[in-house]
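Undergrad: Residue-level listing of the chains:
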Amino acid sequence: MRRRTRALVMVAAVGLLVPLAACAAESGPPLLTWYINPDDGGQAEIAKRCTDDAGGEYRIEVSVLPRDAASQREQLARRLAAKDSSIDLMSLDPPFIPELAEPGFLAPIPDDVAERVSQDVVQGALDGATWGDKLVTVPFWANTQLLWYRKSVAQAAGLDPATAPVTWQQIMEASASQDKYLSVQGTKAESLTVWINALVESAGGQILENPEAPADELQLGLDSDAGRAAAEIIGTIGRDNLAGPALPTEDENASMTIFQGDRGSFMVNWPFVWPATKAGVEDGAIEQSVLDDIGWALYPQVDEAQESRPPYGGINLGVGAYSRYVDQAFAAAECIVQPENQTFYFVENGNPPSNTTSYDAPEVLEAFPMADVIRQSLEQAAPRPQTPYYNEVSSGLQETWHPPSSVSPEVTPQESTAFITAVLHGDQLL
Amino acid sequence: MTTQAAPPATPEARDVKARRIKALQSDRARAENRLGWYLAGPAFVVMLAVTLYPILQATYDSLFRYRLTAPDDKAFIGLANYGVVLTDAVWWQAFGVTVLITVITVAVELVLGFALALVMHRAIKSLRGLLRTAILVPYGIITVVSAFAWFYAFDINSGYVNTWFDWVPGISEDLNWFAQFGTAIFVIIASEIWKTTPFISLLLLAGLAQVPSELDEAAEVDGATWAQRLKRVTLPNMKAAIMVAVLFRALDAFRIFDNVFIMTNGSAGTTVLSLLAYRTSIGRLEIGLGSAISVLLFLAVIGICIGAIKLFKVDLAGARGES
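If you're matching them up, the sequences are chains A and B in order.
Taken in order, the first sequence gives residues 1 to 430; the numbers are from this note's numbering.
Taken in order, the second sequence gives residues 431 to 753; the numbers are from this note's numbering.
Simulated from the structure, these hints should not be mistaken for laboratory data.
Fair warning: this is a prediction, and the values are worked out from it, not measured in the lab.
Backbone N, C-alpha and C define an ideal beta-carbon position, used for all residues, glycine too.
Do not take every clue at face value.
Unchecked claim - Here chain B is said to cover these stretches of chain A; the calculated rule only asks that three of the stretch's residues, wherever they fall, bring their Cβ under 8 Å from a Cβ of chain B:
1. 76-88
2. 110-123
3. 249-263
4. 390-397
5. 419-430
Unchecked claim - Calculated from the model, a selection of chain A residues having no Cβ within reach of chain B, i.e. all distances over 12 Å:
6. Ser71
7. Gln155
8. Asp372
9. Glu379
Whenever a hint applies, use it, and build me the whole structure from the sequences.
TA: As structure tokens, this is what we get:
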């Protein structure tokens, strides 16, 4: 019996002392936790570099969030609503920023910091980092979609996207004439909203007329010529089987696989496809001739008289309002977004910089021959509607514009307007 | 199993004897009861903390208009959330899909599970261990993992099903299983059946083991055929085990989430109730509306329980061989 008591005391003592020892190890510079979206290790490396540069002012430790943007948002929103003080820095997908900024989950950016981190930043990224006329996050990297095409297919169809912008109508006809598949994202996910938004914006419209209004006053702009033009394109691609049978479940990766295959023709997709295809060639999974056959151009136009508005994505840095080290976190954010770190991130992980000066580095042009097109695309890009109710709008669109073959210009824009409005008013489930 | 006692001479004598047995048993029963509480007590307290508290909290939250990212707009609205849910076609569609999945999976699993249980029961001793392990493998796999495995097998880009089975009419290179309701629900149901049939067959195996072999042998000697013995001897004697298996599986199937979440995430009309609750409270952060859905889902599960116990007279104690 006595032996057992002693064992119990030992266990209790160890249980008490081990956490204390861990606390003792915590002393030193404040430890900032940076919640990052999964990548190829670039953010962890930048965290290390900034910790080294800080000279003992702070240390940064990364913590990885779930894979897709929607789950990242879910986790961060729930933690912030519970006033989690362990969130110092976070990598945020721009559409979800208003939702976190509106209830005050993001620490306000001091004016001097805001001024420094806005310099030389592309317009699309600044728009995405702003809510209520104030910069609420620090622009980090900015993403946009390009039109990728197989030169052989385009040539056979008599199209040259490199010299003059092409329209959706042209690429649809060209790929059909060559019996190939278009690669677009028709799966019921965020990528479908990205596509719809780019089409509506390119046609000169907007999904939301007044994105900053409260939920019951939001006005949708889908029931318009622009909305109908977008529905016409998506519906035709779906009904005429222009994208193949995979379309209703096709995401960005599936698009890339189809594009690299025998029936690839034209694809709208993020720049990650370039390093991914190059890696495929190095592994021997893809022929070098496929890589040589790939061309790129600006996102296709809806209307030949109007410049396209390509999708805008990327990641901005937010500082948690409940963090114990807000000042250090802003210092760390400024370090993370330095142009040389953005250049490093672009070259290593394929994520384009939001800072225009980063595009001038020689290693960028070597790794991404299309860097100039990306920069131009970012200047033209249109963000998705910036509203605290973005999730309702996006899910509502996915509910009514899926599968693509069911989309028609006469019905879908009207139907989705009514549906999303009812959901926003709390009259209907999603 | 009932104890067979010699028939007592008179009704009075039988009464006295019965009372004596009852008194004797109740001493023992009391001690057993006490031991039961000692053993199950801690688990019971933990269960109260992790299930009762969230249920009460969800019931309370369901009476509010409450969005996690707009905490200042929280307002009491009574049963309005339930009104929104119950008058919405989305809820009834999800309800229908959930019932469909429950009915089909339970029915198919019952037949398959019984066959597997018979095989395990009859297998010669040297094979028995191997057989049970083999049959249990799917059940040992985490549901999310098995859902991914099935998803990638049937996926139009990475899957092998289309190329292996293109000789089957209706299956071709161009079949996108997850693009329309019929094929998507087929894969979801098939994966669910593959995954949980072992569970039902284990419960049925326990029931089979309880059927006294003398009865079977006696029937055989009397010239009963295999089918007659199955119908008249085996099945009636394991009714309790069958009903428990059906009830447990039905409750499980009704709460299906992982397979649908991974494979279609509710597209092509495959949204089930758990997914709807998840999407509302976790995805949209609408705590009030989501809680109302969760409470309704809970009530549906309770309804299945009561229905099974009252209607089909499931005797949970019977499965332990106490009746």
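Undergrad: Does each hint fit the structure? Answer for all of them.
TA: Okay, the hints, checked on the actual structure:
1. 76-88: holds (count 3)
2. 110-123: violated (count 0)
3. 249-263: It holds: at least three residues are needed, and the segment 249-263 of chain A offers 4 whose Cβ sits within less than 8 Å of chain B.
4. 390-397: holds (count 3)
5. 419-430: holds (count 5)
6. Ser71: violated, 9 Å
7. Gln155: Fine: 27 Å to the nearest Cβ keeps Gln155(A) off the interface.
8. Asp372: At about 32 Å from chain B, Asp372(A) clears the 12 Å cut-off, so the statement holds.
9. Glu379: holds, 31 Å
Of the numbered hints listed earlier, those contradicted by the structure are 2 and 6.
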